[in-house]
Each structure stands twice: as structure tokens, then as C-alpha cells.
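S.K.: Each chain is listed here by its residues.
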Amino acid sequence: MIFNILRKELKSMFASPMGWVILSLLMLAFGMNFLNGIDSYFAVMQGAMRPAERIGVTQFVGEKLFSFAAFLALFAVPLLSMRLIAEERRNLTLPFLFSAPVSITDIVLGKFLGLVIFLSVLVIYIAIMLFALSPWAEIDIGYILANSFGLLLLIASFSAAGLYFSSMTQQPVVAAILTFIVLFALSFLNLVLPGDPSGILPSLSIMHRFQSFTGGLIDTGDIAYFVLLIITFLTLTIRRLDADRLRG
Amino acid sequence: MMNNLTVEASELTRLYGGREAVSNVSFDLKQGEVLGFLGPNGAGKSTTMKMLTGNLAPSAGSVKICGIDMIENPKEAKALIGYLPEMRPLYKEFTVDEYLTIAARLHRVSGKHIKKAVEIAKERCGLTHMSKRLIENLSNGYQQRVGIAQAIIHNPMVVILDEPTVGLDPNQIRPIRELIKEIGKEHSVILSTHILPEVELMCNHVQIIDKGKLVFNGGIDVLKRQRIGNKLLIGLRNLPMVDELLKIKGIIEAEVAENNMMRIRFAEGEAPHEAIVQAAVKNKWGLYQIAPDQTSLEDVFTQLTHQDAAAEVVAESPQ
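The listed protein sequences derive, respectively, from chains A and B. Everything in the first sequence is counted per the working numbering, starting at 246 for the first residue and increasing by one. Everything in the second sequence is counted per the working numbering, starting at 1191 for the first residue and increasing by one.
Looking at chain A on its own, in the form it has when it is part of the complex (with noise of 0.2 Å):
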């Protein structure tokens, strides 16, 4: 039943202008980054002369790439998730859900598997652009595949918290405007209340969180982190629908 929704969402995504449309420039941002990332590794490279200074091409093209990435997820992903169920919400769509036999669980879960799905792609897309380099350099396959597993957990809490206020309200574009202040107030509290590095707050950050895996390191306290993160708003969007039922 998952499964269902899941197709629905995806074939509504690609049946806009909108899914493609972000789709087509991201990947020309990813690839333009891309190319600056080579070119500067070679001009960077020439002038380091000390081995100490040297690193692969993997991490120096990649560490850019796999940020830009997530940096600009925070603008992407609010624009994809608004319509999720804001729409259904403004179209009157949602009884024909309600009254098929699935659970708001499966609902839920559908859509958000749907809309990561989706943005996977992306990640795809850059790993393998990192792999094409494989012919001319030696590459660092652990770093490339921790990053992109560091990347699809961000797009998923992401997804999740866009899945969320898209669930709040019937306006897409205010479901876009709530997620992305509050993904971006997660994702720099620790820019924004610095204090010492051991502190709570900090640690609570999406871009702390994700820079450990932008260095290859794949920490379960991080995983566990993002898991919590989807956990807790899918659980959120399961209760806002569920009250739908319960209040009217």
C-alpha cells in the first residue's frame, strides 16, 4: 500500500513542470561546481608542493560538491515538499486517501518515501559524477559512498520536516516558507549560538551533524541523529493528519 502512494507521488511529481524544472537545475548547479572543483584542484595542487599539503582529487572535489549540495537541499527540498499535502489539503483530494484502505501511516510514509526517491536522484547523480573520475585517478570509494549516504539522510530529515508543515496548512507556499526558516534555523545553530564546542545546542545542528560526513566519517551518533529527526516529524505529520479524522 506503501508502495501505491508512493507511485502516485511520484508520478505527480514528474507530471509538472516544477519536479523537472528543479530537477534540470540542480544538476546543472552540481555539474558547474563540478568543473570549478577540477580546475581548482589542479591550480591548488601545482603550488602545494609538500606532500603534507597534498590531498586526493576525491575529497577536494568532493567535500565542495557534497556541501554545495546540502546547502543548496535547504532551498530544493522546501520547494518540492510544499505541495506534498498542502495541495491535496487545498484541492479537496485528501478523502479520496482517506477512504481507500490505507492507513495515514501508509499515507504518510508513502509520500515522504516518494519525495526522497526523487531527490535521490540527485545523489545519484553526483556520485556518479565523482565516480566518472575513476579513469584518470585513483578514487576514494568510501568516501564517495559515506558522503552520499550523509546527503540522502539530510534530504530525508529534510523531506520530512518539509512532509510536515505542508501537512499544517493549505497554502503551498507558506508550507515552503515555515520549512525552509525552520530548516535553516536547524541547520546553523551552531553559527548562530556558537558557544564552546561541547555544548548542547551546537550539536543539535543539521550542518554540524552532516560535516562529519562531508570529512567520510559515517558516526552512528549522526545516523541516529537524522533518524530521530525523520522520526520525530513523520510521526508530527501522522498526528496533524490523524487529528483531521479526529476534529474535522
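Quick caveat, the hints were computed from the structure, so don't treat them as lab data. Glycine included, each C-beta is placed from N, C-alpha and C at the ideal position. Please note that a few of the clues may not be correct.
To be verified - To list a few chain B residues with every Cβ distance to chain A over 10 Å, as calculated:
1. 1247
2. 1256
3. 1297
4. 1323
5. 1330
6. 1358
7. 1387
8. 1388
9. 1431
10. 1441
11. 1444
12. 1449
13. 1458
14. 1459
15. 1483
Unchecked claim - With a Cα cut of at most 16 Å, we get these calculated EDC-like pairs of lysine to aspartate or glutamate:
16. 1254(B) / 1201(B)
17. 1371(B) / 1390(B)
18. 1401(B) / 1210(B)
19. 1306(B) / 1287(B)
20. 1254(B) / 1288(B)
21. 256(A) / 1288(B)
22. 1220(B) / 1433(B)
23. 1282(B) / 332(A)
24. 1437(B) / 1464(B)
25. 1265(B) / 487(A)
26. 1322(B) / 1287(B)
27. 1421(B) / 1376(B)
28. 1421(B) / 1483(B)
29. 256(A) / 1464(B)
30. 256(A) / 1287(B)
Since the structure of chain A is provided, determine the placement of chain B on it from the hints.
M.R.: Just chain B now, kept in the frame of chain A:
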């Protein structure tokens, strides 16, 4: 299932901020029945339907579909229902085929049968030549047909339609009525409307709901009698005095209406039609029209809500 009961609603109540939108509504529906839900705006028709389909949780009471409780086993119960809400839930970015395929999948039509189910639903609703059109570009009437098609695509035991004929022109309404009757033969249909003739044409059971309360629950014949009643509307070029009409045997009430018309009420069991015509000829009243005076829904409605007889009807009906 026991006694082929498809819908059992018992003591349904729904509160909105302390106000009872629907209060204590109970009824049963058997297989092969078409139930018409009547009532003025805001009476609680849609709210009741939302509760029957699991779109809204009742504040009290329970709904059983073919013996399956909607609150305990919502998925199983919902699988037996096809529902068209008042506002059609159409995804306008899809074509008719795409939308109906999604509807079939969501309603657990098995993969092999989806194509066939879509074809059958389109054929029944007269949509075959619209398959590849975007729903967005369809006319109002065709969109309504798509709405009905998604409600019957999985061949449900109970079809619940909220105002199914709104927005259809008379030529389109007829096939839809036939369709509803046809579905009603094998399964059960609940439909809401505020057009009384519609109920008479399609339904064999009627419920009238007012301010959230069930004020009438019974067969269509009872309602017909209420509606047509013992009234005549006659058109006379030279209007006689009311007293002269009252002299005719059986007439107990007469009043002058607009356009040289008179409304007449006669006693139960009498048939004064012929006598009226004869009197009209004899006294040169210039009779040009004589017809049963059909009361509007509002009139029947007020009759039913204000008569004690209505209470008896509710008491008689099976609970």
C-alpha cells in the same frame, strides 16, 4: 453476512465544538437497497457520510460495513466502500486512465485486473472516449463522471455518493441514474441530494435529516404519499368564490394562488377530480388546467418535521 446488512450505523453522533452536527443517527441498509439522504443545507448529510466512510471519527456511536467495524478495522471496512465526496477528489494533472488506475490500485484491485476494472468503470460512466484527456480539461459533467467512476472501480459492496448529479445536464443525469439503480441491485447505494424527484426516481428508501437529527426514515412510498398528498392545482380563467368549490363533495380546503390558479385539498380516499371538471363546465369557470399539486421538498420537509405522524414513522421503521 447476517441478513445481508451492508451498513449498520448506530447512534452516530458528531460534535463540533460542543454543537451537535449529527446526533444519534441510527439506520441499517440491506443489500440491494438504494438509500436517499435528504435534508436542507447544513443538516448533517455530508457529516454523516464522512463518518460512514471513515473520513471523520464519530464522537459517539459506531459504523459497521458488512459486519466489519469502521473504527476497529478501518482498512477492511474501507475496502468495501466506494465514496464520492461532495467536492470531487480529482488529481487534475492526470489523465482519466491514469487517475482511475491509481484509484484501482489504492482500492486493492489486483494487478492483473486493473486494466479491465478501469475499462469497465469508464464504460459504465460513459468515459471511454475521454481516456487520454487530462482531467483538468474535462467539463464539469465529465469530471463528475470520473468521480463516480473512481467510486465504483473496485466493485464495492457499498457505494456512497454525496450529491452525485450536481453539475450534470439532464441528458447526462439519466444514464447516471440508471447506473446507480443498476449498482443498487447487486450492492447498496447511499446518496445524498436536495432534489426530491431524484430520490423518487432512484431510491427505495429515504431518510430526511434536519439539524443533525433523523426526522424521517422509511420507504419511498410513504414519502410519495406525503408529497403528492391529496392536493390539486387547478387553473380557471374565471375564478369562482372559494365557497362554491367547497360545495363539491370531498373538497375540504381551497385557496386562490397566483396566475388564476387555485389550490385544493381533498379528504383522504375521495377523488373529486371529475366533479370539479363537471362543475367547471357547468358554471363556465374556464378550466384550462388540472393537475396534482406536488409539494416542494421544503413543504414536505416542514410537514414531516412538524407533524406528529413523522415521529410515528420513525418509530415504525426498523432500528
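S.K.: Quick one: which hint numbers does this structure break? Sort them smallest to largest.
M.R.: Result: hints 1, 3, 20, 22, 27, 29 break, sorted rising.
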